[in-house]
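S.K.: Sequence:
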Amino acid sequence: MRAFAKNLLSLAALLIFTVLMGGSALAEGAVPAQSGFSAKGVVEAPDPVTVLAPMGGQVEDFAWIPGDRVAEGDLAFPIRPTQVIAPLGGAIVGLRAKPGDLAASVRAQYGALCYVEREDVWHIEASITSTSDKEETRDVRVGQVLRVQHGTGDDKVRGEGSVISVNGKEFVLEIEQGDFEFEDSVKVYLGTSKDNASADQIGSGKIVRAGALPAVGEGVVASVLVSEGEKVVRGQPLFILDGADARYGAGAQAQPEVRFPRSGVIGEALVGAGQFVRQGQAVMTLWPADALTAVLEVDELDIAKVRVGDNVRVHVDAYAQERAGTVREIRPVGRVVLDTTKFLVEVSFEKSDDLMIGMHVTGYWD
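Each step along the sequence shown adds one to the number in our numbering, with nothing skipped, and position 248 is 248.
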């Protein structure tokens, strides 16, 4: 019994010695408790930028797709606008339309946005006066080609003209100017004989200037592409028009193209080639490349230690070196992950143009 007690005391003494020695060794070699903490997250973009159409029209083809990187000022796509074109060649006269004007209002006041005065043709205002037995001398039709003659003998001037309108016995021919002069009296003949025989005469008339042709359209004047007196050719654009609800300031000129307002990554294309858009319509979304942030999931036990403006060391899994970050926002609503709540903390970078949305990161608070 006495031996057992002695052994028990020895064992107790040995245990106490071991604990004391082990505690001393732990105190000498242990790593002090860390006051900092870390949180994992991903690279995200703040609110996307919405790219708007500066004017209405039809979207032309483009090759951009979501995820493409773009630079500020890059062309997103051209817009094919509504245009008023010159019906024929001539000189611009009576130009009254200005950017911002409603085309219908200009037309109501001045008859047209402008006129094209033709300088290479004459018109003949003529009447049927034939008493011939030939039916064709009394039956003039639009599109018919007739002969025209001014004067007699050696002073004769001849030409041909096409009938462009008929109203009862009155008709109008259009001819190239040739050697005719304004207000020349002329006779009109069938073109069935070499000489203009009396039996082929249809009627008579006078040379007049061709009426200026009106340029008209519907909507709001977005751009005026010509100036008073300017010479134009057939098919040349004169005006760009936009929808009636579009707004343009005085002197403004339309921009029939969409350009990216800043550098970034395309989020979504909201329109496709061939689609018609209105001024101010959203056409794309863009994640700004210079504003990417790390969104970290901070444990609820650590969130009370986080303050806006805190300096955070951020390690991006894809790169070796850490980078400096600053707490930009603490989102107030947490989300439950398994048996704990995580709060989202947004950290901004000094430099983020080498980052991509979705990269994994870890933030460290010292």
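Calculated from the structure, these hints are not laboratory results. Note that CB positions come from ideal geometry on N, CA and C, so glycine has one too. Where hints are given, some of them may not hold.
DEER-style ranges, computed between Cβ atoms [unchecked claim]:
no., residue 1, residue 2, range
1, 125, 96, 26 to 32 Å
2, 50, 329, 31 to 37 Å
3, 119, 290, 23 to 29 Å
4, 259, 119, 38 to 44 Å
5, 281, 183, 53 to 59 Å
S.K.: Each of the hints needs a verdict: does it hold here or not?
M.R.: Consistency of the hints with the structure:
Residue 125 and residue 96 have their C-beta atoms about 27 Å apart, which keeps the hinted 26 to 32 Å range intact. For the hinted restraint 31 to 37 Å between residue 50 and residue 329, the CB-CB distance of approximately 21 Å leaves it violated. For the pair residue 119 and residue 290, the beta carbons lie near 57 Å from each other, so the given range of 23 to 29 Å is not met. Between residue 259 and residue 119 the beta carbons are some 40 Å apart, a value that agrees with the proposed interval 38 to 44 Å.
For residue 281 and residue 183, the hinted distance range of 53 to 59 Å is satisfied, since their beta carbons lie about 55 Å from each other.
Hint check: violations occur at hints 2 and 3; the rest are consistent with the structure.
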